[in-house]
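J.: Those protein sequences? They're chains A and B, same order as listed. Those letters in the first sequence? Residues 2 to 315, by the working numbering. Those letters in the second sequence? Residues 2 to 315, by the working numbering.
Be careful, since some hints might not be right.
No copy labels: a pair is met if it fits in one copy or bridges any two.
The calculated lysine-lysine pairs, modelled on BS3-like cross-linking and capped at a C-alpha distance of 27 angstroms, are [as the list claims (entries may be wrong)]:
# : residue 1 : residue 2
1 : K265      : K62
2 : K265      : K295
3 : K117      : K293
4 : K63       : K117
5 : K38       : K52
6 : K90       : K117
7 : K229      : K117
The set of hints was computed from the structure by calculation and includes no laboratory data. Bear in mind that the values here come from a model prediction, so they are computed numbers and not experimental data.
There are 2 protein chains.
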Amino acid sequence: MKILVTGGAGFIGSHLCDELLNKANSVVVVDNLSLGKIDNIKHLTGEVSFKFYREDLLNYKKIVKIFRNEQPDIVFHMAANSDIASSIKNPEIDLNNTYLSTFNVLNVMRELGISKLFFASSSAIYGDTFSNLTENFGPLLPISHYGAGKLASEAFISSFSACYDIQSWIVRFPNVVGERATHGVIYDFINKLKSNPGKLEVLGDGEQYKPYLYVKDLVDAMLFIWNKSSDRFNVFNIGVESRTKVRTIALMVVEEMGLNTEIKYSGGSRGWVGDVPVFNYNLSKLHNLGWKAKITSDEAVKKSIRYILGKTDE
Amino acid sequence: MKILVTGGAGFIGSHLCDELLNKANSVVVVDNLSLGKIDNIKHLTGEVSFKFYREDLLNYKKIVKIFRNEQPDIVFHMAANSDIASSIKNPEIDLNNTYLSTFNVLNVMRELGISKLFFASSSAIYGDTFSNLTENFGPLLPISHYGAGKLASEAFISSFSACYDIQSWIVRFPNVVGERATHGVIYDFINKLKSNPGKLEVLGDGEQYKPYLYVKDLVDAMLFIWNKSSDRFNVFNIGVESRTKVRTIALMVVEEMGLNTEIKYSGGSRGWVGDVPVFNYNLSKLHNLGWKAKITSDEAVKKSIRYILGKTDE
């Protein structure tokens with residue numbers, strides 16, 4: 002099967018490409034390399050069943066051309082802004098890279114009659130709530146532009162799916178960690194400690210408590226869902242049942258770096274405006290389909306720390 | 002109070018302006034007149050507390066200038082594509098006029114520190130479902146790009162409200178009818194009968210069953226909600242408890258026109274792709290706040306027919 006992956010040079014996208022190629026598919030990546038890296042896919046560039054286009058999804062005419070040339074059987078749309086905190090100063094980052102990129106993908110698919118879409122959505126669409134977050138939860142009140150851009154994307158996927166009979170899979174990710182991650186709390190701590198090993202300032206009170214899913218588990222879940230669910234419109238939360246506190250992450254980083262650091266908390270429940278401090282969503286739908294994460298949140302965090310520090314386990 | 006109304010020359014927007022001026026506010030209208038009409042506001046143009054700008058919300062630089070000059074206390078954002086069926090052939094109509102117009106309004110408000118927004122959303126965000134549609138209903142799966150554009154707008158209103166402390170009121174409208182309406186099923190039937198009085202072809206089976214709210218009731222509800230609810234983020238369905246079948250509308254139009262017409266149904270449950278055939282949402286929240294529609298759905302339809310035919314009751 003020929004699969005086009007947008008954002009395929011990114012952290013998650015590149016792991017997805019690895020696995021799709023492992024399963025004997027042909028893979029076409031479109032990535033503008035604004036956040037993605039050639040390094041993430043350089044091991045694939047020799048393969049005959051792999052092709053890479055450096056292009057921005059906002060460049061509609063170029064995108065139509067690529068999609069028309071390639072005629073993929075399905076599009077995995079992974080491209081998005083992934084630096085949630087950045088867009089508070091400039092909401093157009095998520096307007097363009099999280100939402101309009103999706104609209105363009107949908108519009109190209111409509112124009113060319115490509116009829117299958119797999120979309121990487123996010124737990125950020127749920128906003129700041131302690132409720133039981135099933136896939137049917139409402140109201141959806143995102144508190145970051147990233148979450149808003151993902152929800153806006155889901156909205157148009159729904160209307161395109163209904164109007165042009167596009168079969169769609171929407172999967173909502175929690176925090177994802179592991180090899181090739183380029184930012185997020187683990188990265189921040191390590192960078193801070195590299196410049197000042199004696200003291201680590203943690204934003205918030207350290208009590209932020211969230212599930213961190215290992216990237217290879219995530220990709221496994223995506224392909225499982227794609228394989229096992231075949232409604233016209235399929236929506237799944239993907240996650241891991243366990244969670245990790247920011248306080249614990251700080252301690253793990255300090256330990257893995259072999260430091261003796263004073264950890265200071267700036268206070269307040271949120272790490273930054275738009276941060277959702279406590280989060281855990283309902284995974285029954287995915288569990289009932291037959292999938293559970295193999296690696297706990299703590300283990301995933303540890304793997305990610307060790308990878309960033311160059312202590313690869315594999 | 003100074004109130005800026007986008008889409009203020011439109012069907013609903015112009016009624017809103019009438020009522021805001023009645024209540025001694027100062028009103029500034031921004032409308033590109035793509036769907037709005039000067040005719041709808043020409044009776045206001047003499048008033049000192051009324052001002053009109055012909056401008057497109059997509060023209061960001063011009064909009065910033067107008068908002069900066071006017072410094073409104075609150076923005077009533079009513080502008081949108083209102084011709085739902087049209088965008089199936091060109092989804093960019095709703096991308097631009099329903100969604101991006103909202104993003105620009107939000108971004109200008111952020112830039113200038115305008116801190117109150119009242120937004121005209123729609124029952125179309127709920128999609129095609131028989132469920133009990135409270136304001137907290139999920140999942141939201143719109144089947145038209147108009148519904149998707151409204152949901153995408155709500156998503157970003159949520160994130161802007163959270164990030165920049167913008168107090169927001171979101172009200173979701175059903176079908177609205179009455180004086181100055183320019184399209185919709187009533188209009189279509191009258192136009193068809195004017196060109197062929199002997200035969201009326203009705204799209205679908207005539208069993209589409211929806212609430213039609215009288216425009217003056219709608220505006221009354223909007224101002225009631227604005228007056229009585231003061232959370233940072235307020236969401237209300239606005240509607241009327243009664244409903245009217247398309248079949249009944251056809252008969253009422255034929256009767257009011259004094260014709261003896263053969264009515265033919267094209268069949269199928271939907272009038273057009275993206276149409277939601279049976280719809281009725283939960284109004285408990287608004288009823289509990291203390292508001293109910295004064296005019297039934299049938300009466301509202303009749304008023305609208307008589308207005309279009311020039312038989313004004315007032």
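J.: Which numbered hints does this structure break?
T.: 1, 2
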